[in-house]
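Residues per chain are reported as follows:
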Amino acid sequence: MTLTRRGFFVGTGAAFALYPLYARAHVVPPPPPWQANPWISIDDKGTVTIMSHRSEMGQGVRSTLPVLIADELGADPKHITVQQAWGDEQFGNQDTDGSSSVRIPFLALREAAATARMMLITAAAAHWKVPEKRLDVRDSKIWDGAKALGGFVELVHEVKSVPVPKKPKLRALKELKYVGKELPQRDAEDVVDGVALFAADGLGWNEPGPLTAVIAHPPVLFAKPTKIDSSEALKVKGVRRVIELPAPKPPIGFQALGGVAVVADNTWAAMKGRKALRIEWDRGPNAGHDTAAYTEELRASVKRAGAQMRNVGDVDAALAKAATKVEAEYTGAYLAHAAMEPPAAIADADQGSATVYACTQSPVGMRDEIAKALGLDKQKVRVNVTLLGGGFGRKSFPDFGIEAALLAREMKQRVRVQWTREDDLQHGSFHTTSVQALAAALDDKGKVTAWRHRIAYPSIDSTFDPAADKPSDGEVGMGATDLPLAVPNVRVEACKATAHMRIGWLRSVCNIPQAFAVHSFLDEIAHAAKRDPRDVMVETFGPARVLTAKELGVPKLADNYGSPLDKTPFDVARLHRVIDKVSDMAGWNRRGGRALGMAAHSSFASWVAVVASVEKGPRGELRVDEAWIAADCGYVVNPDRVRYQMEGAFLFGLSNALHGAITVKDGAVVQTNFRDYRLLRITEAPRKIHVELIASDAHPGGAGEPGTPPVAPAVANAWFALTGTRLRSMPFA
Amino acid sequence: MKLDVNGSTREVDAAPDMPLLWVLRDLLGLTGTKFGCGEALCGACTVHLDGVPVRACVTPVARAERRKVTTIEGMKNSALRLAWIDLGVPQCGFCQAGQLMSAAALLEANPKPTDDDIDHALAGNLCRCGTYVRIRAAVKKAAGGEP
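Residue numbers (our numbering), protein chains in the order written: chain A, 1 to 733; chain B, 1 to 147.
Looking at chain A on its own, in the form it has when it is part of the complex (with noise of 0.2 Å):
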């Protein structure tokens, strides 16, 4: 990799060439000589600009899209200009969710890309007066045969009038000359000189700093001002004023929470200023909740039936006769996301239209949501997207775009909000608490016979929908109804939960409390039988084969996490793959006295086990010395980046299962800041994490959030393995 060193400091062109838009916001660029289609654009130098339409949060998808596009296209990555896209229809769905990037996406922008290539080939067929079918293009360059005949620059006006293809024909994936090697990052030198802009950094070096926002939100969901004293707020030296904003009206939605903004010339003045506010609260419909008193409703909600969410045979029955039976309990605190990154966002806006530049991992949503809020024209409202200091999920929400642009408009200037920490954690869109009661009847022979799996946790869509009151098909769907159970009585039911939070998405969603539970009970079970715990679970699962909505019990199976079932089926070998790779990287048969514990989860339209093997620390505490993971995630475009994903998704994993926890009191978080919200360290991270991809050519699953489902119960069956305590409770500390 040939790297170009810039000087260190700020205001190089590095910045305005990652954001053109960004630092320019109110200048709009000549159009290009040639705009192919959304992605693609060919300038009168021969310079492709390519569209990263999904954001860049950590996962490396602006180094991966846009070499994905330029390779099918034939156009060198090394010499690609990369734009990141605003919210904008013409770009497709840009939810950067659901490990969905390069699964969704996969063939429409190579299929975009190969219609630019044929209509180049068409333009040099005629400019060279060679028959098309000789031409190919590869690395920004125009073949014949071995012979390149010119570039780019050559046809980029003549390209123009060259009709559309009506069916794109693709490179066989085998032809891609870049994707599926190691590829370079694109932002690491930006972020190593600390020249990347994230959302808080300002619109580039030239431009006036804004003012900046802090904001006191209501210390409950729906809580009110009653009272607002800004006396002492307004004496610190660098507050402007003090503006209350509008308060939501249930559900909340993707509306932004209320509160009252101090905005001041500076992020300390502003802080200043929010601590000397005196406030007097109403504090709302959720201001009995409390963590404690919460989890025993939801113990409560377990003992009784649900709603029935997959059945098979008679589970009753099975359970009333059967020789063993084993029951446990499973319970999951709330989590916050606590990406390093605080949200912010900077906004222009005036009675007319609002530019907003945002860490937003949906600039759609936080446009149209905007509009709405300011009641101005969707078209008025332009979202751009910064890099992202993490997301998880939580910048799914676009409270915080929302609450830029108002302020600004009321301000008549730009300005900033800024969350702090404490913000962060406390006013979140919490990950679900979650208590679940499994129960499993065993033969004489250790088999499982019959599985009953209740589940109680506020669901996703009580954000949306008040009556939402139990977790919802797609929620019982990530990990218990999709299970792959090679048992005659199964059932799944989901028992009332009311929401008092609101409960968001965070990497995996549901998959973190439910493949917790399976995989933990699957461990308890071989025990139980006295077995090893994986030939328990690979009997369990059952032989290889596709899961269909008859086998599962469930009213239909529609797709595999929004990837179509004809490309990527519920197909149990590939859960089986990725164990036997686990087993042998692990030397699982060779483990003598090492504590290891296994688990293994579909998740994502992707396959992933891990081994983990646990130690005890000075202080007798839980430590992972090492780890292990395979995962089959179909065709990968980006190797490198798909392992460290699987890595980080690892400690992300063990974070939240060794520290995660945010607890509730009189309806507001008790969690401050990272004093009591911990999250992993370097000093708890294993020495070693080894990560193999399975080689396939199947349609592509996703990378970013299959990794976290099977790590909190690989660990616990390990320290299960080591002390014979079980780990029933998240966190486990």
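Some clues are possibly wrong.
[Unchecked claim] Taking lysine to aspartate or glutamate pairs in the EDC-like style, the calculated list, with each CA pair at most 20 Å apart, reads:
no.: 1; chain 1: A; residue 1: LYS616; chain 2: B; residue 2: ASP119
no.: 2; chain 1: A; residue 1: LYS275; chain 2: A; residue 2: ASP350
no.: 3; chain 1: B; residue 1: LYS76; chain 2: B; residue 2: ASP4
no.: 4; chain 1: A; residue 1: LYS167; chain 2: A; residue 2: GLU182
no.: 5; chain 1: A; residue 1: LYS616; chain 2: B; residue 2: ASP115
no.: 6; chain 1: A; residue 1: LYS160; chain 2: A; residue 2: ASP229
no.: 7; chain 1: A; residue 1: LYS174; chain 2: A; residue 2: ASP136
no.: 8; chain 1: A; residue 1: LYS688; chain 2: B; residue 2: GLU146
no.: 9; chain 1: A; residue 1: LYS275; chain 2: B; residue 2: GLU39
no.: 10; chain 1: A; residue 1: LYS688; chain 2: B; residue 2: ASP4
no.: 11; chain 1: A; residue 1: LYS235; chain 2: B; residue 2: ASP17
no.: 12; chain 1: A; residue 1: LYS275; chain 2: B; residue 2: ASP17
no.: 13; chain 1: B; residue 1: LYS76; chain 2: B; residue 2: GLU39
If you are wondering where the hints come from, they were derived from the structure by calculation, not from laboratory data.
Model the placement of chain B on the given structure of chain A, informed by the hints.
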């Protein structure tokens, strides 16, 4: 007041209790130093004062007067930067300036750190993406050893 930042003298009009972080970011436009917690709990704002790593979010600017302030924009350890790029260490990148500043101070004091030395020196730098294992490897590579 006058500050020496990355070798240049900068004049700032700041209250003496304003943390150095906000002077750097909001008054001087040096946005490479990040705000992660405001309470010296995450290390994202790590800068050097006379070569010693400090958390800029809790360091009143008055403490930086007449001392050399070094931020990521002025950090000179190119071996560390190259190791970081070669091993593809960053994910989202937000914590990385702080990680690099802590690592640079470690290598200054201890040119051949062990895994334990690295863990000790970087224990105050949180990463949510999970870059810790590659950070260890990159620090050792920058020190001229095997990653």
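Status of the hints after comparison with the structure:
no.: 1; hint: A:LYS616 - B:ASP119; in the structure: 18 Å, holds
no.: 2; hint: A:LYS275 - A:ASP350; in the structure: 29 Å, violated
no.: 3; hint: B:LYS76 - B:ASP4; in the structure: 16 Å, holds
no.: 4; hint: A:LYS167 - A:GLU182; in the structure: 31 Å, violated
no.: 5; hint: A:LYS616 - B:ASP115; in the structure: 19 Å, holds
no.: 6; hint: A:LYS160 - A:ASP229; in the structure: 63 Å, violated
no.: 7; hint: A:LYS174 - A:ASP136; in the structure: 15 Å, holds
no.: 8; hint: A:LYS688 - B:GLU146; in the structure: 14 Å, holds
no.: 9; hint: A:LYS275 - B:GLU39; in the structure: 15 Å, holds
no.: 10; hint: A:LYS688 - B:ASP4; in the structure: 41 Å, violated
no.: 11; hint: A:LYS235 - B:ASP17; in the structure: 16 Å, holds
no.: 12; hint: A:LYS275 - B:ASP17; in the structure: 15 Å, holds
no.: 13; hint: B:LYS76 - B:GLU39; in the structure: 27 Å, violated
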